[in-house]
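Peer 1: Given only the sequences and the hints, what does the whole structure look like? Please build it.
Letter by letter, the chains look like this.
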Amino acid sequence: MIKYLPLLIGILFLSGLMVSLIYPFLKKKLGWVLSLVPLAVFILLFTVLGDLKPKSLQILPSGFELLEKISFTFRIDGLSLVFGLLISGIGFLIVLYATWYMKKYERQGHFFTYFMLFMAAMTGLVFSDNIMVLFIFWELTSVTSFLLIGFNHQLEKSRQAALQSLLITGFGGLCLLFAAILMGQIAGTYQLSEMISQNIDFVNNPRYLLIFILVLIAVLTKSAQFPFHFWLPGAMEAPTPVSAYLHSATMVNAGVFLLLRMHPLLGDTLEWKYSLILSGVITMFIGAFFSMGQKDLKRILAFTTISALGTMVLLIGIGTPLSMEATLVFFIVHGLYKGGLFMVAGIIDKSTGTRDITVLSKLWKHLPVTTIFAILALISMAGLPPMLGFVGKELVYVAKIQLPGLSWIILPLGVGANIMMVAISLTLFFEVFNPWSKKPDVSIQHKEKDFPWYFLLGPGVLALAGLLLGLAPEILNTLIANALYVTKNELVDVNLLLWHGFNEVLMLSIFAIALGVTVFILRKPVTKFICSIINWLDNFHLPTFFMTVMNFYLKNAAKNTQRIQHGYHRFYLMTFFITTLVIISFQINWYLGDLVPFNGFTPINTNIVILVIVASLAIIFAVFSKSRLSAILAMGVVGYAIGLIYLLYGAIDLTITQLLAETVIMLLFVMVIYYLPKFALLSSRKSRARDIIISLSVGFFITIVVLHANTVNFYEPVSNFYAENSVIKAHGRNIVNVILVDFRALDTFGEITVLTLAAVGVFSLFRFTVKKEKNNINK
Amino acid sequence: MRNIILEKIVSLFLKVMLIFAIYLLLRGHNNPGGGFIAAIIASTGFVFYAIIYGTKKVEKMLHLSTHQWMGIGLLLVLISTLLPLFFSKEIQTGLWIPSDFPVLGLLSLGTPLLFDTGVFVTVSGVILTIILSIMEVLEWN
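Going down the list, the protein sequences come from chains A and B. Residue 1 is where the first sequence starts when you use our numbering, and the numbers rise one by one after that. Residue 1 is where the second sequence starts when you use our numbering, and the numbers rise one by one after that.
Derived from the structure by calculation, the hints contain no laboratory data. Please read these numbers as outputs of a predicted model, since none were measured by experiment. The beta-carbon is built from N, C-alpha and C at its ideal position, and this holds for glycine as well. One should not assume that every hint holds.
Derived coverage of chain A by chain B (criterion: at least 3 residues anywhere in the stretch with Cβ under 8 Å from a Cβ of chain B; other residues may be distant) [stated by the list, open to error]:
#1 355-361
#2 649-658
#3 664-671
#4 748-755
#5 759-766
Peer 2: Here you go:
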């Protein structure tokens, strides 16, 4: 069965690409058909779950190799199963949810294309065994999420948020690429399984620090860790199904996944511990803290996601088996409640047309079923029994207490974050759902019974799953144990329990809940206080700062481009000549003894002297002529003279080509220049002096180079080979032609292609721009 | 104003130029000549024709537009490049038809000649595209 996984990932990609083809036939049913694919993945993974052994690992080569060593090999182990199940399961629910949510949107086909590709990339990411392939999928998630966040591209805000997320996560992706290359060079392979089985020692490698920093940047950017956290609240500009998916199981969790994947290779060093703990703690606290100050439902949820991601990064930084166990459980917990809550936010948005918690009120009356699901999810978020959230939070506390030395800072901040979570959960309930609220009723556009059942299915299934797993957490035991084996490389007994009895962890929980309720009761002053802090922090508003940096960069680039691409042909030529001059004079100084080599010259030929005199006279005439046409004609004389010089040395092909090309050029010039007015302005004395100096010195140095060209041969000239083989191998006696059409035919091919492009350019310039202007004049 | 003598001369000139171009193209492999030179000569003939008769007439005479001729030329080059693949040789290997023509004894038929013809057609197309566009826009003739 499991053999089909690579095939299914391929089908996921295909289904995304096929949307535009099948959309006309399916229309409204598109979502239903598409949802079958993630459902199939989910079922497939679920069957594996049944006979999962703690140490089992399966490598599935797909037979497709991008480059040598970069083959699309997939691995199925506990870790990828945990992520894969959530990605496909939540993905299935959200596709169904989106069929109704996106009903009124135009460009539904585009949405589902991006969405399926995003899902496929994320699935590929967690299952890939090759770090290069992992990187490719990683970048694909960045690109597809860019398209999804910017889906409402008519809104400036949406475009900006999309660009911001792409630039930040794309930058992280590049860091990951460098890290992957470095790791591949050290290990000699890009396969994770081989790296682990060969016990490659990255940690003591002198390049470890570099690799670690690169991976760290990739993770911090992708998982929205401080100080890169600001793109995530911006990303809520995406349609709600996208936000739900982005926050719960994909995208931001990819960073967490990468850390878990890399832990057996790079983990458990001092750098790893301190940097992850530091950024995790800060992110965890500020995310929870700032969520209190927000008014938009989705924005509140976005900040709680940042906090949750911080918690996971922190736990991975701690790195004990228990903390890893906590990370995995917390990931599942978070995926379940966050996916549900975002979908609830979407339902509320559809039903009332607003997401502002100060406006929303008494939704229990209008959306009873949704409210039940929301409450279950909120309980899980607050970490109260009997939801899985409680199990997760207890484990997190245990892991935090366990860490000696640092727990004095982690624990207060952790408890603080938890207090905020309890408070925000209570606030959300009382502001939005509470039926006894004194706030005025919010206007309802759609009642709950207007919604089809599959619109409520997503939050329902996720909330009930959280409840079920909370009541019987031992279901997860083998899965977590297997995932732990993959990340820690050791077997750990996992025994998840809802009720641990009275211990210090429970005391901490009760303490946090009590304080959370207190904060909730005092929410007005607290919110005010947090808002004032946010207002103060807005002076250092990171998104604006980021945009300023980007704009500065763009302006600078434009300025520099203008400096080089100024559009004055004479200055281009001048730059070109002066550069050549400088390079040549340096070369001559360094490599050649004599300025002019006085040997190897043939005696002077009278014919050539005559030609040179004619050419010189023509040049002098061209320089002093005051009409363009006569100057061009004089230049033509120079060209013909050069052609004749070729003839005197027996290069008849060159002569013909030179003469003909000269003729065509003259024709062109005459045609164009005929219409130009007389010179209105002759160049000033100063610029003429400058031009004379430049042209004389260029001519002088080029002459010296030509004189030397005959005597300096770094390599055996290739011309002998052509002369010897022209008749034997190419059946031709005209060497020039044989070179053009046989020996170096590829060059010729390239040249005529370029010529064609030039002709197309000229054609479009003339016919489209000039004709348009003419039409305008005629009108 | 029509100039009958000039018109006659130019149409004769075009014929001579075309024949000369084809002659140069065919003998190019062994003697001075070749696709590029032939192309310039042929297109010079067309350009003079266009100066007297107008660009529309040339375009009609060519049957296809000048871009299409460029494309055909590139296609010929591509074919001559890829043809050896079907004879299990590397691309651009010269293929030759064993020939011993009674009159054109010097002529050797093979992919290089096809290649050169492609160059001829492409370059003619390029030159004509550029010059005819200029003539049309600047309203020469």
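Peer 1: What hints, given by number in increasing order, does this structure fail?
Peer 2: 1
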